[in-house]
Amino acid sequence: MEQELISKKELLELTGISYGQLYRWKRKNLIPEEWFIKKATFTGQETYFPKERILDRIGKIKDMKGDVSLDDLADMLSPDLMKIVLERKKLVERNIVSKTALDFYIQERGEMEKFAFENMLYLYILDKMFESGKINFEEGKTILSLLEEQYPKFKGKGGELLFLRKLGISSCCLVSNVCDVYFEESMKIIEKMNLSDLIEELKIKIA
Amino acid sequence: MEKRIGDLKINGQSSSAGGNYNAVIINGEGKIAGDLDCIKLKINGRCDINGNVKAESVEVYGSNSIKGNLEAERAKIHGTADINGNLAVNKAEIHGSIDVEGYCNAEIFNIEGTFDIKELLNAGVLKLSLYGPSKAREIGGEKITVQSKGKYDLLSLKDKLMSSIGQGKELTADIIEGDEIYLENTQAKVVRGDNIELGPGCEIELVEYKGSFKQDEKAELGTPKKI
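Chains as they are written, first to last, in my numbering: chain A, 4 to 210; chain B, 171 to 397.
Keep in mind the hints are simulated off the structure, nothing from the lab.
Ideal placement from N, C-alpha and C gives every residue a C-beta, glycine not left out.
Mixed in with the good hints there might be a few duds.
[Claimed, not checked] Chain B stretches covered by chain A per the calculated footprint, using a threshold of three residues with CB under 8 Å from any CB of chain A:
#: 1; segment: 299-312
#: 2; segment: 343-349
#: 3; segment: 357-371
[To be verified] Keeping only pairs whose Cα atoms sit at most 35 Å apart, straight-line, the calculated DSBU-like set for lysine-lysine is:
#: 4; chain 1: A; residue 1: Lys41; chain 2: B; residue 2: Lys201
#: 5; chain 1: B; residue 1: Lys261; chain 2: B; residue 2: Lys313
#: 6; chain 1: B; residue 1: Lys380; chain 2: B; residue 2: Lys305
#: 7; chain 1: A; residue 1: Lys31; chain 2: B; residue 2: Lys201
[Said to hold, decoys possible] Sample of chain A residues facing chain B (criterion: CB under 8 Å; computed from the structure):
#: 8; residue: Ser21
#: 9; residue: Tyr22
#: 10; residue: Gly23
#: 11; residue: Arg27
#: 12; residue: Lys191
#: 13; residue: Lys195
#: 14; residue: Asn197
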């Protein structure tokens with residue numbers, strides 16, 4: 004999971020924000036601490052960021068900061084789960100998840116009228132994977148039970164869901180925080196989903 | 171959250187286990203063995219807290235040490251504060267000295283005195299009026315003003331004396347970054363910002379600015395670079 008880095012100076016040039024803004028957003032937890040990567044250079048220490056993620060995040064902050072306060076924005080962008088319950092028909096009405104995914108969930112877990120944020124998150128993840136066509140319903144069941152059993156242990160921390168396939172047999176795993184994972188050659192990573200990103204997307208959809 | 175159970179008052183010398191309170195007032199010497207969560211914390215004298223502190227307002231007249239983090243809306247310290255964790259406040263006003271082992275976040279941060287912050291000092295408006303050697307690993311913010319107020323500096327005697335033993339600078343930091351920066355008597359490896367003004371006694375290895383740059387004739391620096 005090698006990621007391209009961008010230096011602080013390049014970042015400010017590219018996005019047109021100032022040092023003051025960057026520090027303010029850091030203070031408000033709009034940019035997570037782990038993204039500030041210190042590296043030794045000839046001028047001493049320099050700060051680098053994961054390029055794609057920071058650019059995406061700054062784009063989002065710039066887009067939204069006119070409409071919402073920085074504190075609300077911080078809540079939206081943090082990987083903490085929201086305490087919100089939505090009714091089943093709202094989920095489809097507001098286009099948060101597809102009807103197919105919802106039907107699948109109901110079929111597996113029985114009738115449900117109200118969905119807590121965790122349930123919505125699981126559903127959202129499944130919906131994304133079904134939509135990409137990379138998994139079938141049978142595999143959806145495995146992922147759902149993995150999420151239900153293991154995800155609560157993450158307690159709102161970020162992490163990744165990996166979906167793997169080897170010689171036609173599929174499996175999945177949850178990895179807490181981003182670290183490097185290497186598999187032998189015949190193991191294929193079919194799908195990799197970053198949970199904090201998904202939580203963020205989902206929060207924006209719900210808000 | 172647990173229910174708040176009224177006030178904690180210590181007059182004289184006593185200790186408490188900590189907990190949730192409305193107001194915590196210590197006149198004399200207090201020891202608190204665990205985390206403290208209150209609306210108002212006022213210390214006249216001395217208090218050691220062996221845990222994290224969360225409060226709306228913190229006022230210290232005297233000395234205060236905290237083993238964990240201090241999180242407050244407003245903090246006023248007249249005297250000394252020693253924080254083993256991180257400091258997160260909206261507005262901090264310090265007359266005296268403060269030591270922080272971790273990082274320090276504030277919207278407004280005013281110091282008259284000295285400080286030692288081991289990690290990043292991150293503040294919106296930062297006004298440091300220094301009366302003695304102070305340190306931070308990194309300083310970042312919107313408006314950063316550092317003034318050296320050394321009392322015994324009338325004939326720049328202190329400068330001459332101290333620089334001979336290599337300790338003449340009031341503020342030492344690795345990196346200082348901000349939109350508006352004014353520095354006096356500061357030693358830093360890198361200073362970056364929009365508008366930078368270096369006053370007397372600055373020793374900066376690398377200066378990078380976007381807008382304007384001014385320097386006192388007594389400032390020593392590598393070549394400033396406009397980017």
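Evaluated hints:
Under a criterion of three residues with beta carbons nearer than 8 Å to beta carbons of chain A, the stated coverage of the segment 299-312 of chain B is upheld, 3 such residues being counted. Figure legend: the segment 343-349 of chain B, annotated as covered by chain A; annotation consistent (5 residues with Cβ-Cβ distances under 8 Å, at least 3 required). Under a criterion of three residues with beta carbons nearer than 8 Å to beta carbons of chain A, the stated coverage of the segment 357-371 of chain B is upheld, 5 such residues being counted. At roughly 38 Å between alpha-carbon atoms, A:Lys41 and B:Lys201 are farther apart than 35 Å, so this suggested pair is violated.
Distance hint between B:Lys261 and B:Lys313 is fulfilled; the C-alpha atoms sit about 14 Å from each other, no more than 35 Å. Taking the CA atoms of B:Lys380 and B:Lys305, the gap is about 26 Å. The hint holds against a cut of 35 Å. Among the hinted pairs, A:Lys31 with B:Lys201 is consistent with the structure: their alpha-carbon atoms are about 32 Å apart, no more than 35 Å. Interface restraint check for A:Ser21: the shortest CB-CB distance to chain B comes to about 5 Å, inside 8 Å, so the restraint holds.
At its closest, the beta carbon of A:Tyr22 sits 4 Å from a beta carbon of chain B; the interface hint therefore holds under the 8 Å criterion. For A:Gly23, the suggested interface contact is upheld, since its CB lies about 3 Å from the closest CB of chain B, less than 8 Å. For the restraint placing A:Arg27 at the interface with chain B, the shortest Cβ-Cβ distance is roughly 6 Å, inside the 8 Å limit, so the hint holds. Against a cut-off of 8 Å between C-beta atoms, the interface hint on A:Lys191 is violated, since the closest Cβ of chain B lies about 42 Å away.
Proximity of A:Lys195 to chain B is violated relative to the hint, the smallest CB-CB distance being about 32 Å (cut-off 8 Å). For the restraint placing A:Asn197 at the interface with chain B, the shortest Cβ-Cβ distance is roughly 26 Å, beyond the 8 Å limit, so the hint is violated.
In summary, the structure is inconsistent with hints 4, 12, 13, 14 from the numbered list given earlier, while agreeing with the others.
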